[in-house]
Amino acid sequence: CCLRTWLDRKLPELKLVDKVRSTCMEQQTVKVKEEIRRGTRGGPYVYVVERDELVHVSDYAIRKLPGEYDDEVIYEIPAYKVAGKVLYCFGFSRSGGEFLGKCKIEDFENGRPKRYEYYKLLGECVDEIRNLQFCVKDPILTAFQRQFQQLSIPMVHEITEYERIRGFSISFMGHQARLENAIRNPEVYYFTFMSLPGDKSRINSFKVTRRWAYQLWVLKLVCEALQISKFKGHAYEGKPYWWIEQGSDLSTCAGEACLGDVTFWLEYQPSKGAQPRAF
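Letter by letter, the sequence shown follows residues 1 to 279 of the working numbering.
By construction, these hints were calculated from the structure, which means they are not laboratory data.
A few of these clues could be false.
[Stated by the list, open to error] Each computed DSBU-like pair below joins lysine-lysine, with the alpha-carbon atoms no more than 35 Å apart: (1) Lys114 with Lys104; (2) Lys220 with Lys230; (3) Lys120 with Lys81; (4) Lys200 with Lys220; (5) Lys64 with Lys104; (6) Lys137 with Lys230; (7) Lys64 with Lys120; (8) Lys85 with Lys104; (9) Lys120 with Lys33; (10) Lys220 with Lys102; (11) Lys239 with Lys220; (12) Lys200 with Lys137; (13) Lys102 with Lys239; (14) Lys120 with Lys207; (15) Lys102 with Lys120; (16) Lys137 with Lys232; (17) Lys200 with Lys230; (18) Lys232 with Lys200; (19) Lys220 with Lys64; (20) Lys104 with Lys239; (21) Lys85 with Lys232; (22) Lys137 with Lys81; (23) Lys102 with Lys81; (24) Lys239 with Lys200; (25) Lys207 with Lys239; (26) Lys220 with Lys114; (27) Lys120 with Lys230; (28) Lys239 with Lys31; (29) Lys220 with Lys232.
[As the list claims (entries may be wrong)] For each label pair, taking beta carbons as the anchor points, the in silico distance ranges come out as: (30) Lys120 with Gln227: 24 to 34 Å; (31) Gly260 with Ser95: 21 to 31 Å; (32) Glu53 with Asn204: 51 to 61 Å; (33) Tyr116 with Ile36: 14 to 24 Å; (34) Gln133 with Arg63: 22 to 32 Å; (35) Tyr119 with Ile62: 26 to 36 Å; (36) Arg63 with Pro154: 39 to 49 Å.
For every residue, glycine included, the Cβ atom is placed at its ideal position computed from N, Cα and C.
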């Protein structure tokens, strides 16, 4: 009886303590820093796993602040919203190399992860995130995702099969890291361009790669139509290859056809004043 009386007297006080504790937790925030305007040569771009979806940290932010540098932004996030959840950080080197880090918000200090469960090349751990989907808000990007699966990947497979049959290598020069991703490993490419925060950035990145992949596919069709028997020149380790570089004064490839030798250029830009050089 005495215990019950004591509990009845203390219960409002205990509820008040719980309410204060809960309010303090809700008011506690954590800062996450990201680079901006660097595309797939920046990052890390931080995503929270919600069931089978990857949600960018900006969706949880109560404030967006300018960073110390012009290319930096800071998201202030209520800690309780992401506490204990798995975070994936998509990062890129200045040369375009792609990496994936796994951590939790508790691993962040001064806006950056100080500890990772792992930090590896994206291609080495893509199996772990294969069944996760990025949160998409723009229906145009949703349509592009379908296009990527239904049209782009089959085109890429045709290109690489033709490369194998004709015994040449496609060499990606300059700033063609994303195109190389798309040709060599479409799955890695998907997570690369989709890791960019904002649907508009993803759409723009995909459009550029799509254009180049389509040009390579058309080049392959033209070579087949002209019955190119073999490619020559640009010998690299004993094998010819296609030289893929925007605005290059070097031809893309040259091949032997029944009508004679044929030389090809992709996106040749004579306005640059470059002197075209064949093989």
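- [ ] Starting from the hint 39 to 49 Å, judge whether the C-beta atoms of Arg63 and Pro154 obey it.
- [x] holds (45 Å)
- [ ] Assess, step by step, whether the Cα of Lys207 is no farther than 35 Å from the Cα of Lys239, and give holds or violated.
- [x] holds (31 Å)
Task: 35 Å Cα cutoff - pair Lys114, Lys104 - done: holds (10 Å)
- [ ] Please test the hint of 21 to 31 Å on the beta carbon pair from Gly260 and Ser95.
- [x] Since the Cβ atoms of Gly260 and Ser95 sit about 39 Å apart, the hinted range of 21 to 31 Å is violated.
Open item on the list: For Lys64 and Lys120, compute the direct alpha-carbon distance and say whether it is at most 35 Å.
Closed with: Since the Cα atoms of Lys64 and Lys120 sit roughly 29 Å apart, the hinted pair holds (cutoff 35 Å).
Task: Holds or violated: Lys232 to Lys200, with C-alpha atoms at most 35 Å apart - done: violated (41 Å)
Open item on the list: Just to be careful, I want the Cα atoms of Lys200 and Lys220 compared with a cutoff of 35 Å; is the pair within it?
Closed with: The given pair, whose Cα atoms are some 30 Å apart, holds under the 35 Å limit.
Task: Beta-carbon spacing of Tyr119 to Ile62 - inside the hinted bounds 26 to 36 Å or not - done: holds (28 Å)
- [ ] Just tell me: holds or violated, for the beta carbon distance of Lys120 and Gln227 against 24 to 34 Å?
- [x] violated (44 Å)
Task: Pair hint Lys120 and Lys207, alpha-carbon separation not exceeding 35 Å - done: With a Cα-Cα distance of about 27 Å, the restraint between Lys120 and Lys207 holds, given a limit of 35 Å.
Open item on the list: Quick check: does the Cβ-Cβ distance between Tyr116 and Ile36 fall within 14 to 24 Å?
Closed with: holds (22 Å)
Task: Restraint status (C-alpha distance of Lys104 to Lys239 at most 35 Å) - done: violated (47 Å)
Going down the numbered hints, you'll see the structure goes against 6, 10, 13, 16, 17, 18, 19, 20, 21, 24, 26, 27, 28, 30, 31, 32, while the others check out.
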